[in-house]
Amino acid sequence: MQNKSINTILKEVSMFSSLKEDELRALEKISHIYEYKEGATLFLEGEVSDSLMLLIDGVVSIFKHDSKGNEIVIGYFNRYALLAEAATLRHTPLPSSATFQSDGAIIKIDIVEFEKLFITHPNISYEIIQSLLKKVDLLQQNIHFNIASNSTEKILHFYRENPTLSLDLKQYEIASILGMVPETFSRNIKKLVKEGKLDKVSTGYKITEKE
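Read in order, the letters of the sequence shown are residues 1 to 211 in the working numbering.
Calculated from the structure, these hints are not laboratory results. Please read these numbers as outputs of a predicted model, since none were measured by experiment. Be aware that one or more of the hints could be misleading.
[To be verified] List time: in silico BS3-like cross-link candidates among lysine-lysine, alpha-carbon distance up to 27 Å:
1) Lys68 / Lys170
2) Lys37 / Lys4
3) Lys197 / Lys134
4) Lys194 / Lys134
5) Lys20 / Lys116
6) Lys190 / Lys206
7) Lys11 / Lys108
Work the whole structure out from these sequences, hints included.
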């Protein structure tokens, strides 16, 4: 992560881009940067967060465990994503766990002070709603993955809906999201490239223009 001040980073986030300088300074006072190494746990299911968490660097996986202890990946998030904001704003236990898939950093904003000072700000309220709607879209996407008729359909849907995120993830991580073993994922990727439905780029794969 580049050595930037909290104020500079906050200005780059669309949620806070319309704040005046005095508002940014007030927000900066209740915000702190925390850096994490790859594999570090950000939070665990059942914890109650006292801070709004804004991912500013790296990739974070959100997951749950089923009754047999198997890890079920809900999704991966990258720069400027809010994490667990619904539970944090409700002051309820977090419904899932989170781990860093790369070195990264989080800005934690004191939730009590944030609610006092900023929750009624029009642009911030709008951006929080948009973030929550993205989480709904993610849920719908996971449902689609579960009912898709075959592996290639799941893969194409993922790359179509996640063009930026897909470039940040390793193939085995995408396979985990789609509920596939890496070998099945790799075999179908090769098939889709051969059929001209996926293009290989330096950082991974992307949907071909005609798709």
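We went through each hint and held it up to the structure:
1. With a CA separation close to 25 Å, the supplied pair Lys68 and Lys170 stays within the 27 Å bound.
2. Proximity of Lys37 to Lys4 is assessed by CA-CA distance (about 18 Å); at most 27 Å being required, the pair is judged to hold.
3. At most 27 Å may separate the alpha-carbon atoms for a hinted pair to count; Lys197 and Lys134 meet this at roughly 26 Å.
4. Between Lys194 and Lys134 the CA atoms are separated by roughly 32 Å; this puts the pair beyond 27 Å, and the hint is violated.
5. With a CA separation close to 17 Å, the supplied pair Lys20 and Lys116 stays within the 27 Å bound.
6. Note on Lys190 and Lys206: the hinted pairing holds, with a Cα-Cα distance of about 13 Å set against a maximum of 27 Å.
7. Simply put, Lys11 and Lys108 have alpha-carbon atoms about 15 Å apart, close enough for the 27 Å limit, and the pair holds.
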